[in-house]
Amino acid sequence: MGWASAMVVLPLATAFAVLAVPAARAAWIRWVALAGTGAHLVVSGLATAAYWQAASPDADFARTATAGKLYLVERHAWFPSLGIEYLVGVDGVSMAMVLLTSLVIFCGVLASWQVRDRAKEFFALLLLLVTGVFGVFVSFDLFLFFVFYEIAVLPMYLLIGIWGTGRKEMAAMKLTLMLMVGSALILVGFLALWWAAGGRTFDLTQLARFHYDPALQHWVFPVVFLGFGVLGALYPFHTWSPDGHASAPTAVSMLHAGVLMKLGGYGALRIGVYLLPEGARDWGLFFMALTTINILYGAFGAIRQTDLKYFTAYSSVSHCGFVLFGVASLNLLGAKGAVLQMVSHGVMTALFFALIGMVYGRTHTRMIPELGGLARTMPWLATCFYIGGMASLGLPGLSGFVAEAHVFLGGFFGNPFAPVAWTRALTVVATLSVVVTAVYVLRGLGAAFQGPVRDPEHLRLGDATLTERLSTGLLVAALVVAGVLPGLLIDLVEPPLFAVVNRLHALPGGP
Amino acid sequence: MPTLALPELLVLATALVVLVADLFVGQVGRRQLLPVALVGVCAALGALLAVVPDSGELLGGRFAVDPLGWWFKLALLGAAAGVLALAQPAWQGDGRAGPTLANRGEFLAVLLFNLAGMLVVPSARDAVTFYLALETATMPLFLLVAWRRNAAGAEAALKYLVVGALASAMLLYGLAWLYGVTGTLDLTAMAGRLPATPAAYLGLGLVVGGLGFKLTLAPLHFWAPQVYAGAPLPVAAWLGTASKGAAVAAVVLVLYRVAGPHAQGWTLAVALLAALTMTIGNLGAVVQTNVLRLLAFSAVSQAGYLLVGLCGATRDGAAAVTYYLLVYVVTNLGAFAAAAVVHHHTGSQDLAAFRGLSRRHPLLALAMMLALFGLAGIPPLGGFTGKFFLFAVAAQADLHGLVAVAAVNSTVSLYYYLRIVRQMYIEPDDSAAPATPTGLLPGLALVTATAGGIALGVVPWFYETVRAAAAGWP
Chain A
3 MGWASAMVVL PLATAFAVLA VPAARAAWIR WVALAGTGAH LVVSGLATAA YWQAASPDAD
63 FARTATAGKL YLVERHAWFP SLGIEYLVGV DGVSMAMVLL TSLVIFCGVL ASWQVRDRAK
123 EFFALLLLLV TGVFGVFVSF DLFLFFVFYE IAVLPMYLLI GIWGTGRKEM AAMKLTLMLM
183 VGSALILVGF LALWWAAGGR TFDLTQLARF HYDPALQHWV FPVVFLGFGV LGALYPFHTW
243 SPDGHASAPT AVSMLHAGVL MKLGGYGALR IGVYLLPEGA RDWGLFFMAL TTINILYGAF
303 GAIRQTDLKY FTAYSSVSHC GFVLFGVASL NLLGAKGAVL QMVSHGVMTA LFFALIGMVY
363 GRTHTRMIPE LGGLARTMPW LATCFYIGGM ASLGLPGLSG FVAEAHVFLG GFFGNPFAPV
423 AWTRALTVVA TLSVVVTAVY VLRGLGAAFQ GPVRDPEHLR LGDATLTERL STGLLVAALV
483 VAGVLPGLLI DLVEPPLFAV VNRLHALPGG P
Chain B
5 MPTLALPELL VLATALVVLV ADLFVGQVGR RQLLPVALVG VCAALGALLA VVPDSGELLG
65 GRFAVDPLGW WFKLALLGAA AGVLALAQPA WQGDGRAGPT LANRGEFLAV LLFNLAGMLV
125 VPSARDAVTF YLALETATMP LFLLVAWRRN AAGAEAALKY LVVGALASAM LLYGLAWLYG
185 VTGTLDLTAM AGRLPATPAA YLGLGLVVGG LGFKLTLAPL HFWAPQVYAG APLPVAAWLG
245 TASKGAAVAA VVLVLYRVAG PHAQGWTLAV ALLAALTMTI GNLGAVVQTN VLRLLAFSAV
305 SQAGYLLVGL CGATRDGAAA VTYYLLVYVV TNLGAFAAAA VVHHHTGSQD LAAFRGLSRR
365 HPLLALAMML ALFGLAGIPP LGGFTGKFFL FAVAAQADLH GLVAVAAVNS TVSLYYYLRI
425 VRQMYIEPDD SAAPATPTGL LPGLALVTAT AGGIALGVVP WFYETVRAAA AGWP
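Chain order of the listed sequences is A and B. Numbering of the first sequence is given in the working numbering, commencing with residue 3 and proceeding in unit increments. Numbering of the second sequence is given in the working numbering, commencing with residue 5 and proceeding in unit increments.
Same shape as in the complex, but just chain A:
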């Protein structure tokens, strides 16, 4: 078994190990889950080293390549008559996403330390969900990709429905159905691409060598982009996200907002823009405009929220808009910014949801007006919240700045197939969201953590425990490292993005 397969097998094996724990040993469940995800974090690190070793000699070729190269590949025939394969491997982008996922799930398990009700099913489903997420990032066969994509979405229904809060049944159903409609669109696109390329392979790298008819690209691209956009919270299909995230239990919100929503941007870039450059050329400006609405709508939505979870969820809609904005700007800076934003927002939002869970566990409320002055009793949690907030509003030195700077520069230099005045105008409008973000982040944090203590009961609450410090500390460290040493991440994700961009540049009418 190679590195890429291990990414899928490890969480799945951990899920079964959790199920095998005797019911009388409830505490073991958490430890098994933690050991499995901890081991996974280590294995992901080792896999990155293995990838680095294999890929670094090719770094120069990548600049001019028009076909991406895969590393740590494993390939087995699955349904040979339709050309379906078990094809897993990694490139820089998927490696970065795998690292992000293994960090978030490890911290997610730590943040779920308090789950007692049906803990076995909870951790098993959580690990099944994350198996799907890892699977999507390492699979390069569209059929396999789709299988993992659905495995990543469906457990959410039970996780929110059983362990959620508030209007959880409604939120769970809405989320599941909306995401499934998205995946139905993706399926239509995949089958059309498969058949147009001869119906012999679902291998993404093979399909990328095929030149699709522009008329086909013209209708498949928006279908696929919208399909992924639903998961990436593309306006106006984002409405599942605030309800879903607000109702979900802590670890599920972390994983969902932190990683799962990134599958949308990942797919839109990796399959939408990469396979269908001419479709992207035709629709790039339209989606840039739509994602500009996304960015502003999410930011203005967040201002009005009083529930911390809705607050973070709307902020996620805005930040995920940056990802899709970067993808739609169709140049290297934008694409890099999109991937950096995926990682940055993934860590940041996982941190937010973890912290909200911890605050809620103490105060039993998430309503900002009922909180206040919490920094006095919970300095650790408040500090982490501030750091996350600063990353969110793009303070230099933290990961958000690097990502957003790339996205805005990408937008400003512009989609090469659209009038530059248009893309610049859109970028200027989108950049205004930074101001709005600063307003809601500072106001929200100020109201919750500064000022007078509204409820005297809150004075008796304690600060973060050891497990809580570990999970939030890891996430904060990741934000800082990505902000101070962005080169590490950029070197990782850049080579495969050249292939995407070079295909675009090879088009007639390109730069």
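Hints listed in this document are in silico derivations from the structure and should not be mistaken for laboratory results. Since we're looking at a predicted model, the values are computed, not measured.
Partial list, computed: chain B residues near chain A (C-beta under 7 Å):
#1 I382
#2 A399
#3 H404
#4 L418
Ideal Cβ positions, reconstructed from N, Cα and C, are used throughout, including at glycine.
Model the placement of chain B on the given structure of chain A, informed by the hints.
Just chain B now, kept in the frame of chain A:
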């Protein structure tokens, strides 16, 4: 070569044994006859697996086995074994669902005669054999539906009978037209002589319409919800699996063997029928609160998906339809088996009967959830791969709109399947609900169906073998 018809003969022999034994054993002994019938069906299954060659013909070519027909028979016998197994509680004991089915003899014999007729359908090679096999595969169902002799059953059976008689007339009329335009009863010879005239299409349309009743194609599906809910639950399971399997075999026979060369002419009509059927089935199911009515509408929508595979009459289509039928039978049996256990203990057909099942009986709830996810087409279950292959056939025919309709329909179906999941997993348990022991045979059926549903989705052998079997198909 009589070994060719050995499964059919074994089923008939078992039917006679059960019928005669019924005269002598009395009320108590009759309850032991179900295992006898099951052994007979399993023997037929064994004969099919071990003895029956994958091609050959009997009776001057009127009865023939081909590799794909072999798979249809496997699905039918598997469905029979499953239905007999899940009928055990209803047969042997008085549950809350009503008096034991064994109160009146002949149930098993009627069911087995019915099965024998179904098994002949994929082997029929001339119009008369075809018609007689289909009648044998349909008539006994009217009796079985009314078996409890209560008002709901009688009403359901009457409705079924009236619609069924109409459909049978359509089928016969259509076959007469086909005979008229080709001058032969031999189905294979018919294909060569079938002209592309309105008369031929009228004949085909009537035949497909007549079969559409059995296959619950919209708008001939409307009997299904009432009949499923009014019939004894094992009979509903029988209607939903084996009866539908026989209908699929018949439709494939007609559209491929007879009308295959004219695929260009009818593909669009079949695509529209598929889209209509799955949409009506799914929209109907969304509002149901009775689990059997829900499963009936779900079965209507599944018939729509199956039709997708017929578009273009390609080899891949024949393979995808056969494969999906296997998946559908296995998955639906799982759902019906779980519903049968719950129904037997609660006597309620309401969705709320599943409330809190995951706490009372976690494995039963898991099996039901996997069956429902299979029906909804969630990977890595067979329901997903099966649907994927069907949709791929539509993509091959460049019917991308149909793929979109079908894929969105799958999402709609997920809504109502999740309503049952919600009852089982999310709603709190009522402590007043009775315990639900599964029983040996239904438990076995559930385990087999669940394992089969997963294996069909993950192990490529099944699909690849079915596709190899479809080699002779255009």
